[in-house]
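For reference, the chains in residue letters:
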Amino acid sequence: MTAMLAAGLVVAVLASIVATVLAGAALRFRRQAAEANEKKFNILEAVGDGIYFVDHDLRITHVNGEAERLLRRTADTLVGQRLEAIVDPLASELVPEIRVARQAGAAVPRTQAFPATRTWVEIRIHAAAAESLISLRDVSERTRAELRLQESEKRLRLVTQHVDAVLWTTDREGRFTTVSGGALDELGLSADAMIARSSEVFVDPDVLDGVFAGTAARVESSRSERWLRHHIEPVADVDRNVVGTVGISIDISELKRAQQLLFEAAHRDRLTGLPNRLALEQRLSETVAAAELGGRRFAVLFVDLDRFKNVNDTLGHTVGDEVLREVATRLGNTVRGIDTVARPGGDEFIVLLPGVRDADEVRAVAQRLLRVLDEPMLVRGREIGVTASIGVAMFPDDGRNGDDVVSRADVAMYRAKHMGGNRLALFDASMERSDIDRLSLESHLRHAAERGELLLRFQPIVKAATKELVGCEALVRWRHPTQGIIAPDAFIPLAEQTGAIIGIDRWVLGEACAAAARMREILPEFRIAINLSTRDLCESDLPDAVAEALDRHGIPPGALRIEITETVSLDDSVLPVLRRLFALGVEVALDDFGIGYSSLSYLKRLPITALKIDRTFVRGVIEDRYDQAIVGSILAVGKALGLVVVAEGVETDAQFDRISAMGCDEVQGFVIGRPMVLEALLSQLERARGSPCESSCAVQLTAV
Amino acid sequence: MSNTTGCVSVADSLRNARVALRSALYDAALELLDHCEDWPSDVVEDAVVLKAEAIGRRDAVAALSYLASVNDVPSSPAGRFNFAIQLGKAHAAVRNFTRAETRYAEARALMGAVPDGVHTMAYHDLRMRWFRRECDPTAPEVALAIAHPDPSIASAAYAYRAWLHAGKEDYRAHIADLRRAVEYATMPTAEPVDVATLAASTHALTQVAFETADGEAMAAARRASEAIAWTPDLHVSHFMTVRAFGWDAFMRGRAAEAQWTFKDARALARNATSRVMTHADRAYVARMSGNEFWAAEELAQADALAYEIRWESTFGEERQLLVMLAVLHAATDAPRAQRYAAMYSQVGTENVDPALALHSDRRAIAHARYAEGRIDQTLGRRDAAIAALQEAYEIFAVSSFHFRATLTAAALAELTGESRWRDVGARHANSYPDCPLATMAQDAVAREDAMPAQLSPLQRQLARAVWAGADAPELSRRFSRSVYTVERQIELICTAFGVASRAALLQEARRRSLA
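Just so you know, the sequences run in chain order D and A.
Numbering follows our numbering, in which position 694 of the first sequence is assigned residue number 694; successive positions increment by one, without gaps.
Numbering follows our numbering, in which position 40 of the second sequence is assigned residue number 40; successive positions increment by one, without gaps.
Accuracy of the hints is not assured; some may be wrong.
Here are the simulated distance ranges between beta carbons [unchecked claim]:
id: 1; chain 1: A; residue 1: W467; chain 2: D; residue 2: A75; range: 20 to 30 Å
id: 2; chain 1: D; residue 1: T77; chain 2: A; residue 2: W467; range: 17 to 27 Å
id: 3; chain 1: D; residue 1: T77; chain 2: A; residue 2: A331; range: 16 to 26 Å
id: 4; chain 1: A; residue 1: R427; chain 2: D; residue 2: A75; range: 30 to 40 Å
id: 5; chain 1: D; residue 1: E173; chain 2: A; residue 2: Y307; range: 45 to 55 Å
Because the hints were derived from the structure by calculation, they are not lab data.
Note that beta-carbon positions come from the ideal geometry of N, C-alpha and C, so glycine has one too.
Only chain D is shown next, with the shape it has when bound in the complex:
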């Protein structure tokens, strides 16, 4: 019993000793294990990869810092979690793979792409039954770099294949080592045939030598109608020795062509192919320089087509353009090879004749030009007559520089034109003066009405049958402060060109109405006629102005006769104004009838009440049977249409008698009276009130 007890005690003691020893060992073991773990985890933090462990239950047991970053979660939210609970491409998504890996052993590493954030993570699974290690390596940098490289290689390939250039390299001897580029085919070159051959086909060896010396070069060369621009740079090895060159040769043929076209466009007139103003200026300055150097003369011919505007207006611009081309051709064919024909614009041409001896020589050339232009032209099946006015000026006689000579040729041309066209005029100093006159006239004219420089003269009109005074025509005069009285012929065309005519005509209208009021105090039926420019008839407020003037001076519309001239511009556009004037009750007379354009059709279309036979027909009415016939027919037409026919420019009694015998209604002219001042006319009216009319009336009454 005791023994048994003792034995039991021994066993118990032993057991406790063993237990103690074992416990100590276990403790030691645990400590060692913990130390090992700590070491392991320190290592894990040191490696760059993200690493986490899962146990056999796929619960996360450890996570390192990089794995925390990649999973965007902290270790305390991860450790202890089942991997499935971490819904993430780098956690839960790996569960099936880990399971497979645990069965099969090793798993193939794979890369997970996150395209939206351009992130790439390489995943490796080291699976074991008890514990699996998952390593995640952020390979974004590398992948991005790879992609960039791929991209740039692809781009480079695209560029080298498709760029309109040849990319090449040479060795130190100037032989091609690589050749590529999209321009090879077009240049008829093949890379294979060029490699190891000399680069002379592209670049001069001298240029390449310069590059070998260390400086980049930029040269152009042409090759079978193609232009190449080369950029060449030296290629050096690590020791900075030039070992070859790298070049890019760009096909610039298109560029060259475009440049050529631009040059042409800038220097050539597109229509005729002649030098334009820019080119002319260059040619002119060259010619001046040459003439000065050689002490020689040259001539400038300013050629302007007569009434070319009519061609454009009536036949259209296409025909006009053809005419200009034909003119260019004729001029070009007529002059010498060293001469220049240019078209600075419009219907003007300038011919430059260098090395001429004297004016006679130039005159001969100009005459020849006039002749060839006067030959009829056949344009689009239509025969067109073209004439020109040519102004001639010489260097150095008429100007010390090119511009002067040209502008004087221009002045001379105007003179030729003024003399009726189809002729030439050589410049002389007097022309310039009249040109200056014209300018000052223009500026003065604009203010003539407001300065009170305009005057009216009144020419009486009588009834042909009775010589009874029935009216007068108001004629405007301009008293120029320095040049005295200027006749309408001298300033009305100018006024029409500048638009000053409107103001002048309105002034005339007012003055004439005022005068008419005074005349009608003496002779109540007296009528006044005024001239209105065709330009006025385009002003839609004219009828209102007329009505207003009549109203202001208290005269009836029938006491005013408006005379309008037949001109080309007297077209349908003036009809509305004319109709309103006619409706107002104003008399409308067609002035200078018979010398203008297509006269008879006007009679049909225009609302008119009177015709004035032009003085040119009246002049010949005694001896010229043509004039007689014309006057006769005008009168017949007038009668037939119920128009009043007035003859103007009647200067002799014989003319008066003939005209009245032919049945003309009214007569105006020196034989009746010259244009006179208002007072003179008024006194004549006073006299008339008593005598001839009354006497003749009395005679007639007696006769009845």
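Position chain A against the provided structure of chain D, taking the given hints into account.
Relative to the frame of chain D, chain A by itself:
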């Protein structure tokens, strides 16, 4: 010799072709039946009908023209019966019901000449019933069809009866019949059951099981799916079935599994639309699991792939996908969401409307209204959105489509700010107790209660975005409002919370457990 071999091989070919057809290996079946029109008279009648069936599985119009091209129309009563049935079927498939009925009438006169002819006839009558939306599941021919000795036809008959029940809004019976239909997949049968029928029923069952949170039905579908030998010809059903398993996993709180399953589904996808769909699915689950980073990645891939889709004239899936993409982007990229939403009305409906019109099933209408409502919501047409979503909700609620009902209620809560929609949504979400949807709905209710009552729905969205870290320019882009408006709204939000600055707003939100 050759004739004998030919005869033997022809009989074998016919047998093998029938097996191939039932296994949904249509190319193999057609190859076996190549030139069958010249086969000996004892097999030619069956062969031609089988060939028409094989052609019709892919293209009903082609089947019709094939049948019209057959010169030797069968002469035996059985042959004439089968031929007439085949013609009727083809006409019915192209919705020419009058012609179909004429053919079926011909067949009816001959049904005595064929073994099981009465049952076969009853089955086709049942199909016509469904086509014509005559929803009487208790009609005598329905029972006759289900009693067909051919398990393929019996299974199909259950499926059709299921749809008749749905037309009567008897969804319990609907699910029960679908389950019976798919049970044939795992049942030991004398001859192989038609796989195409099983696949269609399984697909249908997964959808309804998922929507109604019916675990048992889903388990039945899963068993059937595992038993089915899927073939490439069944890829649409297969893809949609696997996708439904993914959604089921998610709704049961297994988000990781859901993601793997969607990835599996993507391997089955045959077109860009399906592939984009799986990315959208994964984006949704990632977002619901709180992993916005992953959601963004999946959405980016969806967007990139979506460029391959031709949207102009497509089927319902494309419209569904546009709704998903619009809804998913709405929170993070409003302009893109609006672009997708705007595309919705451009997608042709010619393929969608007839199918919808054919459906005697109101749930299809609810799906369409839901889609329109979400599109209207994205495009800022609030009233239209509310009307459409309310209509959709009523039907989803009645048919126990808890998932859709939850989503619809959540959308309505967002649109109206009415707390009842949150409560309603939470109730439906509770059908999936382990799903983040449920907890999120609860959290949402709690969060909304912690918000100052005077905040408008937009201000609530803005507030949430502010404490998610968005700055004014980003908010301006995201909500398509000017920076000025955004800043003014943030001031108003601060006032509502009784704080003076954005920093203080964040602190206050944290205090109320909002952020």
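Results for each hint:
1. A/W467 <-> D/A75: 20 to 30 Å: holds (25 Å)
2. D/T77 <-> A/W467: 17 to 27 Å: holds (20 Å)
3. D/T77 <-> A/A331: 16 to 26 Å: holds (24 Å)
4. A/R427 <-> D/A75: 30 to 40 Å: holds (38 Å)
5. D/E173 <-> A/Y307: 45 to 55 Å: holds (53 Å)
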